[in-house]
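Engineer: Read off the chains here:
There are 2 protein chains.
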Amino acid sequence: MRVVVPFAAETPKTRLESVLSPAERSAFARAMLADVLRAIVRAGHEPAVVSTAPLDLAALETPGEVAAAASLTVDDRPLTEAVNARLPTDDGADPVAVVMADLALATPDALEALTTAAADVAIAPGRGGGTNALVVDHPAFRVDYHGLSYLDHRGIAREIGATLETVDSFRLGSDIDEPADLVEVLVHGRESDRAPAVLREFGFELERRDGRVAAVRDGGPTA
Amino acid sequence: MRVVVPFAAETPKTRLESVLSPAERSAFARAMLADVLRAIVRAGHEPAVVSTAPLDLAALETPGEVAAAASLTVDDRPLTEAVNARLPTDDGADPVAVVMADLALATPDALEALTTAAADVAIAPGRGGGTNALVVDHPAFRVDYHGLSYLDHRGIAREIGATLETVDSFRLGSDIDEPADLVEVLVHGRESDRAPAVLREFGFELERRDGRVAAVRDGGPTA
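Protein chains in written order, with the working numbering: chain P, 1 to 223; chain A, 1 to 223.
The following block holds chain P by itself, in its conformation from the complex (with noise of 0.2 angstroms):
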């Protein structure tokens, strides 16, 4: 399946300004990109990057098979519009899953019970209400990323008679936003996953205290 993945490639990741630099947050982002095209070429589909400038998907440090895998496009235009661009929209016309780039907890079996879904619509809701990844096998459905998303992404269903399944994933309903979001990547990244080790690298690690969790780094508290 064609496996759309809208990247922000000039300004990433603003929220995370508090405890990240502009190259930090540029490096953290190509990191998590980089982990959620390994998940969607292990899980046996091809990545369609989408980005907002220009891009070097070689630069990203994926296995061999994964940049060979990878497509990539420049799109300036606001992400809802990209995406509509590219789903379908003919009857017969092979489904298209569309998955955020800061879905740093991706596996490809989390990406497989989206792809699987037997729905006209398939959808992984994050937190707050926001549609983290979709599968669109309908010709009449497209997107509207403003606010509420996964309710509206459910109103536009019904409107145009598609049947909707939601996805019950932890990990894909995990979109790396804000500070304390980063505890989510060290707590559940994995040995190969970039996104950790490039966290580690700017020196966060996991704290206790007063009984809850935090990503610190070198000694202070971030998140």
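Possibly wrong hints are sitting among the right ones.
Said to hold, decoys possible - A short list of chain A residues far from chain P (calculated; beta carbon distances all over 12 angstroms):
1) S21
2) H45
3) A48
4) D56
5) A67
6) S71
7) V74
8) D90
9) D91
10) T116
11) A119
12) I160
13) R200
14) F202
To be verified - Lysine to aspartate or glutamate pairs mimicking DMTMM-like chemistry, simulated, CA-CA at most 25 angstroms apart:
15) K13/P x D218/P
16) K13/A x E191/A
17) K13/P x E178/A
18) K13/A x E207/P
19) K13/A x D210/P
20) K13/A x E201/A
21) K13/A x D177/A
22) K13/P x E191/P
23) K13/A x E178/P
24) K13/P x D144/P
25) K13/P x D210/A
26) K13/P x E24/P
27) K13/P x E207/A
Worth flagging that the hints you see were computed from the coordinates, not collected in a lab. Glycine included, each C-beta is placed from N, C-alpha and C at the ideal position.
Given the coordinates of chain P, assemble chain A onto it according to the supplied hints.
Structural biologist: Just chain A now, kept in the frame of chain P:
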């Protein structure tokens, strides 16, 4: 399967104190408990509520078959001790599940993924390295809920030679602890659920602002 549901009856949900009064926190905690018990019963299991203080299960306003299937024990020991006292101790003993009372999004399907796991220990992690639900089918496994319990439980399983499976569920991964979590109850709660109904009675509703979604009350921002 026997499903232990620990419940802090006296001072529930203190981390919601900025948005709910003590009486409201108590009512909301009981509504979430009612939803969790119903999901457990509808998944075909027997909930065993272990409460820190006496509790009137009949007052939870659950359907009759839920009240009939649920049992109550008062145990005022700390969570870890109270749970460990109820885990299997003999080879061949029946497995025991432990499901937190604030998993307001739990559904029979999500619980089924947990209770049908084949490993000696199956864990549904929560955000921040917590253990939101688990099934224990090994006589030597004991819990430790302090701090990074998900990683600790993995370590404990490794030490005793127990196989471990992580259950990937957004619904079981969403414990409702903090004001921001109320959004999840309003977005993902279903018609027949008590917890979203109670929040709406309190005046909460979803509001879109600045591209994000908040649970607001009587027009004011709360989460």
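Engineer: Would the pair K13/P and E207/A pass a check requiring their Cα atoms to be no farther apart than 25 angstroms?
Structural biologist: Holds. K13/P to E207/A sits at ~23 angstroms (cutoff 25 angstroms).
Engineer: Please work out if K13/P and E24/P have their alpha carbons no farther apart than 25 angstroms.
Structural biologist: 10 angstroms, holds
Engineer: Against chain P, does A119/A keep a CB gap of more than 12 angstroms to every residue?
Structural biologist: 15 angstroms, holds
Engineer: Are all beta-carbon distances from D56/A to chain P longer than 12 angstroms?
Structural biologist: Given a closest Cβ separation of 29 angstroms, the condition holds.
Engineer: Take a quick look at whether K13/P and D210/A sit within 25 angstroms of each other, Cα to Cα.
Structural biologist: 16 angstroms, holds
Engineer: Verify this label for me: V74/A is non-interface relative to chain P, using a Cβ-Cβ cutoff of 12 angstroms.
Structural biologist: 24 angstroms, holds
Engineer: Would the pair K13/A and E207/P pass a check requiring their Cα atoms to be no farther apart than 25 angstroms?
Structural biologist: With a Cα-Cα distance of about 23 angstroms, the restraint between K13/A and E207/P holds, given a limit of 25 angstroms.
Engineer: Please verify that the nearest CB of chain P lies beyond 12 angstroms from S71/A's CB.
Structural biologist: It holds; S71/A is separated from chain P by about 28 angstroms at its closest Cβ, greater than 12 angstroms.
Engineer: Is the nearest CB of chain P more than 12 angstroms from the CB of T116/A?
Structural biologist: 14 angstroms, holds
Engineer: Taking the closest pair, is the beta carbon of F202/A still more than 12 angstroms from chain P?
Structural biologist: 19 angstroms, holds
Engineer: Take a quick look at whether K13/P and D144/P sit within 25 angstroms of each other, Cα to Cα.
Structural biologist: 20 angstroms, holds
Engineer: Given the proposed pairing of K13/A with D177/A, does the C-alpha separation stay at or below 25 angstroms?
Structural biologist: 6 angstroms, holds
Checked against the numbered hints above, the structure violates none of them.
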